[in-house]
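Student: The lines below spell out each chain.
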Amino acid sequence: MDALILQVLNGLDKGGAYALIALGLTLIFGTLGVVNFAHGALFMLGAFCSVSFAKLLTISERVRDESVTFFEAYKEVPYLEIWWGETGKSIVDWAVPLSLLLTVPVMLLVGVAMERGLIRFFYKRSHAEQILVTFGLAIVLQEIVKSFFGANPIPLAAPAALSGSADIGSLVGLHGISYPLWRMIYFVFSLGVIGAVFAFLQLTTFGMVVRAGMADRETVGLLGINIGRRFTVVFGIAAVVAGLAGSMYTPILSPNYHLGMDFLVLSFVVVVVGGMGSLGGAVVAGFLLGILQSFASMTQVKAIIPGIDQIIIYLVAVVILLALPRGLMGRRGVMEA
Amino acid sequence: MSTVTARPGPKRELLTLAIFALAILTMPIWLAPIGAGYPDILQKFAIFGIFAIGFNILFGFAGYLSFGHAAFLGAGSYAAVWAFKLFSLNAVFAIVFAIAVAGIFSLVIGYVSLRRSGIYFSILTLAFAQMSYNLAYSVLTPITNGETGLQLSGGDPRVLDRALFVTTSRLQPPDLFGIALQGWSGFYFCAVLLVIAFYVSMRIRHSAFGLTLLAIKSNQRRMGFTGFSAKPYLLTAFVISGMYAGLAGALLATTDPLAGADRMQWTASGEVVLMTILGGVGTLLGPVIGAALIKYLEQIFSSFNEALLHRTFDFLPGAADDVVTAIFAPFVGEGWQLTLGLMFMAIVIFLPGGIMEGVRRIAGASRRQRTGSSAAAREVGRRIPAE
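Just so you know, the sequences run in chain order W and B. Under my numbering, the first sequence is numbered contiguously, ending at residue 375. Under my numbering, the second sequence is numbered contiguously, ending at residue 393.
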């Protein structure tokens, strides 16, 4: 029983990341009708926003290390620590959560620039061409990141207070299930972001117009609403969501330049399993596949079906696509073929 | 986009074939001035040309974008190396075996994937290719030798060689009835197969089967109304293009008897898509040109480094040399992928029809100048709306 709960927990953080990326993909597909193969790259850019932010905070000065008395030793001390002492130290420690301050505006800018600069020319082109041009863009983005940050993964630590394990089990009356705290935080964070996106779409006038545009773009346009501008904003939001997902994921998985490609393929599978164009489906499928993947990597399961952990997601996608042509929660008439 | 024309006469076909064969076989001569006159790279042109021609049969003729074709290339490589190990070092045997294995493999994957079309088809093929790639790295290690890659070894049984009393030394590369397939003979072997592959694809394009594929591409639903079931035609096209990929994989293994799982990775699938697009989707010649161009540029760009750039721009005055070098440095050597990505985007944005479309436009423009406005009107009517 404990093992089962642990596996479910294991799947939640990864599932959260899948769900956030898939949510963005679905938003873009549902509003603009564009298949965005560069969405994984946006996730990766988010992660590197955190890396840059952490680097920025730890711009250091070489000072004499007083604790070493036998010989002259030097250490790097961040300026923040020199200026503000303990406060500065804790700011450096909280670099990853604080980096969201950088991630949000940067990703919004990137998203809007991408839509205005490239994607809008591809609304009327075929899906194959959209896939190809965004695939090219993804290569370009990841190569740019590679040339700045190198090819090796860059580790980032969660704040010291949040990097331990917590006895999650005691909350639900089971003891002895301890689990890394940051992963739980990531899960809650992803739920929060998903909630915010849904609230934005359901509760605001802007969101209502967007939903109307998703249902019937032409009619909304005829009503005198500039739907194009709203959709640009939606693309920006999708980019921000992917960036946030990547930014907060850095303590769990050290980012490197091809992080985006790894997640992209899986996220597409998630979107298809959830049902093209269904936001709820993307979220449900994201968590479902994350949990399934963690179950498949249990040693007991691997003993029965060797290698299942490597292919489970793709296998599920194949089965779902063949059995349920619209995915789990796909709407009728959206991309049925 | 592609105009469906009546089948050209056999004379015309033979003429095309003769010109193509002549151009391919004399590549060592006319490509020497641009620094591609050596067998290693020409061999790559030919092998990836075959791969792209095969891919074009599915994507260009039938309009189905597969994102998992590298799986068949990888399967062909593995099959060929196994044929070398188990049966014989003769390349013919390995190639036949690899084509058969890739054919069966693509029959299975095609049968399942072709139940859907459009983007779903792309994702299904991508899923299958990723599955093959992951399995090749993990569970199938006894067959694929995991990360190390499958290699020949002295202890291989080579039953056929032994039965026919062909003596093979411990670590000898594959051959063709005793002719070593290294260097120039290796290139000519691949080149002859490329010419055959081109001829087969031309015959397919001009056959009733090829026209059916084109019709499926232009409107599958209408094909259904006329009583055609598209599925068997599509599956045939899928298997044929899978076999082409298997042939290419076998040739890769023949010229360098080592098969690794990275040949199956989806970036490799993306590369063949780019080759086809760059040359011209649906054209006969385009994929070959695209494949050669990409492999050529890859060679050129990745061999450059900063020192070499400095030497190239030496003729510029001091500071300008540094500036120009700094501008070009991110795009060469390790940064070749960046150039590839930019090229990919530029082609899709500005020239969706690829190089062949560009040639046609230039030819059309010069003809228009001569014959007046009637041709111009036709050209405008055919142009794709920009937005």
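It is worth saying that the hints were derived from the structure and are not from the lab. Here a beta-carbon is modelled for each residue, glycine too, at the ideal position from N, C-alpha and C. Some hints could be false.
What the hints assert, rightly or not - Over the 10 angstroms line for every Cβ pair with chain W, so calculated as not near, a few chain B residues:
1) Arg-121
2) Met-137
3) Ala-332
4) Gly-341
5) Pro-358
To be verified - Using C-beta positions, here's what the derived DEER-type ranges look like:
6) B/Val-118 to W/Pro-191: 30 to 38 angstroms
7) W/Pro-344 to B/Gly-15: 35 to 43 angstroms
8) B/Thr-154 to W/Pro-191: 18 to 26 angstroms
9) W/Ile-263 to B/Gly-364: 54 to 62 angstroms
10) W/Leu-353 to B/Phe-215: 29 to 37 angstroms
11) B/Ile-333 to W/Pro-191: 52 to 60 angstroms
12) W/Ser-335 to B/Phe-215: 40 to 48 angstroms
13) B/Phe-234 to W/Ser-335: 55 to 63 angstroms
14) W/Ala-195 to B/Thr-273: 39 to 47 angstroms
15) W/Asp-40 to B/Thr-154: 17 to 25 angstroms
16) B/Ala-332 to W/Leu-147: 19 to 27 angstroms
17) B/Ala-332 to W/Ala-253: 47 to 55 angstroms
18) B/Gln-375 to W/Thr-242: 33 to 41 angstroms
19) W/Gly-188 to B/Thr-154: 54 to 62 angstroms
As the list claims (entries may be wrong) - These stretches of chain W come out as covered by chain B in the derived footprint (C-beta under 8 angstroms, 3 or more residues):
20) 40–51
21) 167–174
22) 278–288
23) 302–316
Student: Each of the hints needs a verdict: does it hold here or not?
Tutor: Cross-check of the supplied hints:
The Cβ of B/Arg-121 does not lie farther than 10 angstroms from every Cβ of chain W; its closest approach is about 6 angstroms, which violates its non-interface assignment. At roughly 4 angstroms, the least C-beta separation between B/Met-137 and chain W is not larger than 10 angstroms, which violates its mark as non-interface. The claim that B/Ala-332 is not at the interface with chain W holds, since no C-beta of that chain comes within 10 angstroms of its own (minimum 12 angstroms). For B/Gly-341, the requirement that its beta carbon stay farther than 10 angstroms from each beta carbon of chain W is not met, with the minimum near 6 angstroms.
Residue-level check failed: B/Pro-358 sits 6 angstroms from the nearest beta carbon of chain W, not beyond 10 angstroms. Range check, B/Val-118 to W/Pro-191: Cβ separation about 35 angstroms, and the 30 to 38 angstroms hint holds. Between W/Pro-344 and B/Gly-15 the Cβ separation comes to about 57 angstroms, which falls outside the hinted range of 35 to 43 angstroms. Taking the beta carbon of each, B/Thr-154 and W/Pro-191 are about 23 angstroms apart, inside 18 to 26 angstroms as hinted.
The supplied range of 54 to 62 angstroms is broken by W/Ile-263 and B/Gly-364, whose beta-carbon atoms lie about 40 angstroms from each other. Checking the proposed 29 to 37 angstroms range against W/Leu-353 and B/Phe-215 shows it holds: the Cβ atoms sit about 33 angstroms from each other. For the hinted restraint 52 to 60 angstroms between B/Ile-333 and W/Pro-191, the CB-CB distance of approximately 29 angstroms leaves it violated. Distance hint for W/Ser-335 and B/Phe-215: a CB-CB separation of about 46 angstroms, consistent with the stated range 40 to 48 angstroms.
Between B/Phe-234 and W/Ser-335 the beta carbons are some 46 angstroms apart, a value that contradicts the proposed interval 55 to 63 angstroms. About 31 angstroms separates the C-beta atoms of W/Ala-195 and B/Thr-273, a value inconsistent with the hinted range of 39 to 47 angstroms. The hinted window of 17 to 25 angstroms between W/Asp-40 and B/Thr-154 is violated, with their beta carbons roughly 39 angstroms apart. Distance hint check: the CB atoms of B/Ala-332 and W/Leu-147 are about 26 angstroms apart, consistent with the given range 19 to 27 angstroms.
Judged by the Cβ atoms, the range 47 to 55 angstroms given for B/Ala-332 and W/Ala-253 holds: they are separated by roughly 51 angstroms. At roughly 58 angstroms, the beta carbons of B/Gln-375 and W/Thr-242 sit outside the given window of 33 to 41 angstroms. W/Gly-188 and B/Thr-154 have their C-beta atoms about 26 angstroms apart, which leaves the hinted 54 to 62 angstroms range violated. Residue count for the segment 40–51 of chain W with a Cβ under 8 angstroms from a Cβ of chain B: 0. That is fewer than the three needed, and the coverage hint is violated.
Check result for the segment 167–174 of chain W against chain B: holds, 6 residues qualifying (beta carbon to beta carbon below 8 angstroms, three or more required). Under a criterion of three residues with beta carbons nearer than 8 angstroms to beta carbons of chain B, the stated coverage of the segment 278–288 of chain W fails, only 0 such residues being counted. Judged by the Cβ-Cβ criterion of 8 angstroms, the segment 302–316 of chain W is covered by chain B as claimed, because 5 of its residues qualify and three suffice.
In terms of the numbered hints stated before, the structure departs from hints 1, 2, 4, 5, 7, 9, 11, 13, 14, 15, 18, 19, 20, 22, listed from lowest to highest.
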